[in-house]
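Chemist: Letter by letter, the chains look like this.
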Amino acid sequence: MSHEMKQPEKNPAKSRRQHSDLRFALHLLRQNPIVMAGLVISVATVVLALLSNLLVNGAYWHQQNLTLRLCWNNPAFGWPVTNLFNCGGQVYPLGTDAYGRSLLQMIILAIPIDLQIALEVVASAVVIGVVFGSLAAYMGGLIDEVILRITDIFLAVPWILLAIVLIVVLGRSLTTLTLAIIITWWPWYVRLMRSQVIGEKEKLYVERLKMMGAGWPRILFRHVIPNSIYPILVQSTLDIGSVILTVSALTFIGLTPNPLLPELGNLSNQGIEYFFTAPWLIIFPGLTILIISLGFNLLGDGIRDIFDPRLRR
Amino acid sequence: MRLYEYVLRRILFMVFVLFALSVLIFYLTRGLLPPTTALAPYINPRLTDAGKLSIARAVGVATSSCPSFSDFAALQNGCITPLWTQYLYWLKNVLVGNWGYTLLPGISGTESTWSVFFGRFPYTAELDIVAAALTFLIAVPLGIISATHNNKAPDHLSRIVSLGGYSIPQFWFGAMLLLVFVLYVRIGGLGLLPASGALGTTCALCFSNPGTITAYTGVPLLDALLSRNIPYFWDSVVAIILPAMTLAITSLGLLTRIVRSNMMEVLRQDYITMARSKGLKERTVVYSHALRNAILPAITVTGLLVTYLIGGSVIVEIVFSWPGVGSAALVAADVLDINFLELFVLVAGVIIVVTNLTVDILYAVLDPRIRY
Amino acid sequence: MSQAHTQEGGDDILSIQELKLKFHTYAGEVSALDGIKLSIKKGELLGLVGESGCGKSVTALAIAGLLPPNAEVTGGDVVLDGKNVLALKPEEMRLARLKDIAMIFQDPMTYLNPVLTIGSQMAEITRAEPKLFVSTLVNYRLRQIDKQVEGTNPNPGLPAERERLRHALESQSLGRKELNELTRSYAISLLRSVRLPEPEKVFEMYPFELSGGMRQRVMIAMAMMRRPKLLLADEITTALDVTVQAQILHLLKDLRSEINTSVLLITHDLAIVAEVCDRVAVMYAGNIVEIAEVHELFRNPLHPYSKGLLASVPRADLTRTPDSIEGSVPDLLSPPSGCRFHPRCPKAFEVCPSRKPSMIEVAPDHYVSCFLYGGLNGKNNNT
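Residue numbers (my numbering), protein chains in the order written: chain F, 1 to 313; chain H, 1 to 372; chain X, 1 to 383.
Because the hints were derived from the structure by calculation, they are not lab data.
Predicted model only: the values in this text are computed from it and were never measured.
Keep in mind that the hints are not guaranteed to be accurate.
Below 30 Å or equal to it, Euclidean Cα-Cα: the simulated BS3-like pairs (lysine-lysine) are [stated by the list, open to error]:
| id | chain 1 | residue 1 | chain 2 | residue 2 |
| --- | --- | --- | --- | --- |
| 1 | H | 281 | X | 307 |
| 2 | X | 41 | X | 356 |
| 3 | X | 253 | X | 22 |
| 4 | X | 83 | X | 99 |
| 5 | X | 89 | H | 152 |
| 6 | H | 281 | X | 83 |
| 7 | H | 152 | X | 356 |
| 8 | X | 147 | H | 281 |
| 9 | X | 99 | X | 201 |
| 10 | H | 152 | X | 20 |
| 11 | X | 20 | X | 89 |
| 12 | H | 152 | X | 41 |
| 13 | X | 20 | X | 307 |
| 14 | X | 42 | H | 152 |
| 15 | X | 347 | H | 281 |
| 16 | X | 356 | H | 281 |
| 17 | X | 307 | X | 41 |
| 18 | H | 281 | X | 89 |
| 19 | H | 281 | X | 99 |
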């Protein structure tokens with residue numbers, strides 16, 4: 001009978017698997033137009049954010065023109081409100097907001113701000129999560145217990161309440177906004193990283209490295225972490241969209257540093273106040289948030305499906 | 001381990017988490033805000049300085065050796081008790097339910113924070129429970145269909161719905177529903193559904209004069225049923241539809257995804273092949289075999305769902321002017337009514353932790369493997 | 001040299017002709033079955049041997065209609081008791097699985113639902129199509145009643161019950177409660193017949209409470225419940241201890257004679273084949289290379305692969321060390337041309353890579369697919 005020895009975890013099999021992984025990934029990508037759409041939207045958002053200062057004057061949002069406030073003169077469609085204010089000469093494609101500024105330009109200015117906050121939050125959460133999660137998992141014992149319990153405590157509260165308390169206490173600014181979200185977001189990443197590392201550290205190559213005399217920092221940082229970080233990256237892509245939702249939710253309920261700030265939630269805040277006179281004020285910023293977060297979510301979801309071994313075939 | 005040991009351990013753990021949560025929230029508020037802010041809910045501005053000082057002492061923020069109230073307000077050394085002492089006083093007040101007087105505008109300053117909070121709380125509870133029911137009713141079938149028709153049209157559709165729900169800003173979705181059902185669809189000059197509040201009286205589907213009910217529980221839907229006032233019940237239902245749907249649609253993404261992935265994983269299991277090989281109907285295979293195994297891990301997500309819902313109701317209550325604690329929380333933030341927020345956080349914490357405990361116990365009861 | 005194929009209909013319960021099957025995977029198409037020919041007579045215990053990955057399980061799944069969605073049958077027939085299984089509609093196939101074909105799998109732990117009791121997993125069989133089981137259940141109970149009536153102190157209610165049951169038999173229908181009770185006692189008796197201790201208790205237990213051997217007996221009992229015409233046993237002893245293995249095999253043999261079911265016993269272990277099989281088919285890389293009666297094969301293996309297999313079995317008398325077959329199992333994504341064994345065959349010659357040898361009856365009821373024994377002239381079809 002054939003004597004199939006257990007294949008050592010060495011290169012020939014690995015590169016063959018990597019090659020077929022890539023083929024499989026492309027195969028799935030082709031099969032899944034939804035993920036392609038997500039990719040397109042995400043890329044478009046980033047591009048728009050980078051170009052925003054070219055499209056709109058960066059200082060635009062400081063000015064106010066109250067005679068033009070809440071008006072709509074785009075002939076393409078109308079709204080079921082009793083009377084629409086007229087905007088005078090210039091056509092505003094998306095109407096004006098409560099301070100008389102073009103909503104379209106405000107949205108374009110808002111995208112980079114929201115995206116920047118999202119990236120800051122996600123990056124910080126990833127770093128904190130990776131550090132504490134992997135330490136907790138790798139060290140085990142008391143450190144693990146302590147870190148785990150701390151995450152439990154944070155996860156026992158709805159994030160928005162914690163964020164409200166933090167902003168009330170720390171004052172209203174973009175920094176505190178970002179900080180508040182990071183503080184509510186990090187527990188997930190710690191947990192995720194921890195569960196990854198717990199699985200990873202049981203693998204054979206870790207044992208081998210230990211036997212070769214490698215110290216734990218080297219094993220952890222050069223081997224275990226890079227091998228476990230995949231789901232974290234997937235999650236962080238997904239979360240870019242969620243953070244934008246979070247930020248806009250917080251500014252929507254009024255926790256914004258400056259009512260004039262071009263920020264999607266902030267604009268929506270005006271929108272709900274004047275909903276029955278100017279519904280576009282909440283519809284379009286909200287729609288923008290929806291599209292951006294949908295783009296990142298589709299992308300992240302698709303990546304997760306592609307690399308989830310359980311869902312193969 | 002035996003079941004009761006497991007329950008005991010979980011309860012102890014729950015107590016610990018709540019305790020630690022209280023420390024956290026205490027530090028965030030009392031630790032980072034001046035003691036005068038912390039004191040505000042307990043004093044009546046018309047009190048004399050001496051009166052204020054004695055209350056400050058009673059609440060534990062001012063030391064007994066502090067000479068005057070102005071010294072205390074100026075944060076003189078020796079006037080402010082150490083933080084951990086403050087915590088003990090604070091904890092005592094929490095446990096007896098003394099949260100001082102409300103600072104919310106529009107309410108008399110002699111109303112206690114506790115009564116204001118729990119006067120509004122049933123509305124939030126009602127909204128969240130209805131939303132939770134809707135979430136389950138939509139998400140579970142959606143997840144099942146998605147799994148059994150993997151990668152075909154129903155799967156793609158349900159993934160779009162659940163992913164969409166996950167990506168939609170709650171306030172925007174609520175606003176869209178308002179736009180459609182209140183502004184666009186109008187009958188006889190009135191919107192189809194009410195625009196705000198917990199009782200709809202000015203809408204096409206509303207009874208304009210539903211009468212009154214006796215507040216047995218504080219929850220309008222229940223009270224209306226108990227008072228046998230059907231128009232009132234109807235008006236309450238009509239008012240809760242839009243906010244509950246907003247909450248549900250934006251929360252069902254997670255549950256759908258979990259049911260779907262659990263079902264898909266279960267359907268690949270060998271015992272499913274075995275069940276099919278026995279000649280069982282596909283329906284039996286999916287429901288009696290697959291779902292039984294798939295749904296169990298899915299209930300662990302209930303705790304998460306509750307967290308989502310409570311947090312989401314803050315936003316949804318604002319959009320629909322729903323008279324619950326979520327909308328009040330914002331006002332409290334504006335006027336620095338810290339006690340209201342602290343109470344909200346602790347109540348939410350208790351609810352979430354108890355939900356998790358219940359779910360874990362339920363899981364242990366339902367899965368025969370864990371029991372032994 | 002007669003064209004090798006098994007007798008038409010007659011007393012064959014299963015006849016597979018030229019079955020070709022491939023899997024669509026992301027890496028390409030895997031040619032899993034390359035035109036196999038197999039048949040099982042009524043009441044026969046046929047062994048199907050081969051290395052892992054040669055297509056034995058796939059064959060069984062194809063017969064039972066349990067192939068995964070990415071499998072495609074590209075040719076051939078599978079005829080079970082006169083019916084072409086491949087042409088059946090899904091609902092008809094399901095009924096066939098219920099009543100005609102039973103399959104037992106390798107690892108009883110993963111093939112039993114962990115959150116349902118043994119009893120409920122057995123009872124759901126009759127609940128699936130109660131009408132099909134009325135005769136079985138009623139006759140079982142009637143036999144029980146008859147025995148009790150003849151014994152000491154019979155229950156006075158028995159004659160009335162007997163009448164009721166005869167009536168049910170005629171009308172081919174049973175009340176729900178009656179169905180459940182009969183199912184329960186029938187199932188318990190089956191658990192007893194597979195020699196499980198305390199069958200009433202086992203009925204209420206969960207799979208994880210039983211040992212591997214016990215679970216396997218439960219699977220056999222579940223199969224016996226349907227009194228199938230064909231029993232497919234896929235490596236049923238591989239996950240068990242050697243001592244338990246022997247018990248299970250003998251149980252299988254006894255049950256086979258009791259119910260007169262035909263059995264396809266899939267295994268990679270020649271010792272098992274020698275122990276219980278009537279005939280044996282040797283499979284390699286998606287082809288059947290040799291079929292013969294068991295003693296005949298062991299005495300006189302014809303195909304080089306069969307010879308290699310037999311030579312590699314360790315012998316208790318240590319007369320010589322076992323040989324192994326050189327090379328390894330081919331990758332079915334791009335299988336070898338012609339005779340798939342030719343890269344490893346010590347006797348391969350020029351014609352072997354060019355086309356596939358057809359199956360030839362070299363001795364009475366001993367078939368081989370190898371150019372060494374004929375088929376060189378072009379009149380045999382090149383499949």
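Chemist: Each hint should be assessed against the structure and marked as holding or not.
Modeler: Against the structure, the hints:
At roughly 45 Å between alpha-carbon atoms, residue 281 of chain H and residue 307 of chain X are farther apart than 30 Å, so this suggested pair is violated. The hinted pair formed by residue 41 of chain X and residue 356 of chain X meets the criterion: a straight-line CA distance of about 26 Å does not exceed 30 Å. Of the supplied pair hints, the one linking residue 253 of chain X and residue 22 of chain X is violated, its CA atoms being roughly 33 Å apart against a limit of 30 Å. About 13 Å separates the Cα atoms of residue 83 of chain X and residue 99 of chain X, which keeps this hinted pair within 30 Å; it holds.
At most 30 Å may separate the alpha-carbon atoms for a hinted pair to count; residue 89 of chain X and residue 152 of chain H meet this at roughly 21 Å. Annotation: proposed proximity of residue 281 of chain H to residue 83 of chain X holds, straight-line Cα distance about 21 Å (limit 30 Å). Annotation: proposed proximity of residue 152 of chain H to residue 356 of chain X is violated, straight-line Cα distance about 40 Å (limit 30 Å). Distance restraint check for residue 147 of chain X and residue 281 of chain H: the Cα-Cα separation of roughly 36 Å exceeds the 30 Å cut-off, and the hinted pair is therefore not satisfied.
Annotation: proposed proximity of residue 99 of chain X to residue 201 of chain X holds, straight-line Cα distance about 27 Å (limit 30 Å). Taking the CA atoms of residue 152 of chain H and residue 20 of chain X, the gap is about 27 Å. The hint holds against a cut of 30 Å. Taking the CA atoms of residue 20 of chain X and residue 89 of chain X, the gap is about 20 Å. The hint holds against a cut of 30 Å. For the hint linking residue 152 of chain H to residue 41 of chain X, the alpha-carbon distance of about 42 Å lies beyond 30 Å, and the restraint is violated.
For a cut-off of 30 Å, the pair hint linking residue 20 of chain X to residue 307 of chain X stands: about 26 Å separates their Cα positions. For the suggested pair residue 42 of chain X and residue 152 of chain H, the alpha carbons sit about 42 Å apart, so the restraint of at most 30 Å is broken. Pair hint residue 347 of chain X plus residue 281 of chain H does not hold up; C-alpha atoms about 51 Å apart against a cutoff of 30 Å. Only pairs whose Cα atoms come within 30 Å are accepted, and residue 356 of chain X paired with residue 281 of chain H is rejected, the gap being roughly 41 Å.
With a CA separation close to 25 Å, the supplied pair residue 307 of chain X and residue 41 of chain X stays within the 30 Å bound. Restraint check: the Cα-Cα separation between residue 281 of chain H and residue 89 of chain X comes to about 14 Å, which is no more than 30 Å; the hinted pair holds. Annotation: proposed proximity of residue 281 of chain H to residue 99 of chain X holds, straight-line Cα distance about 13 Å (limit 30 Å).
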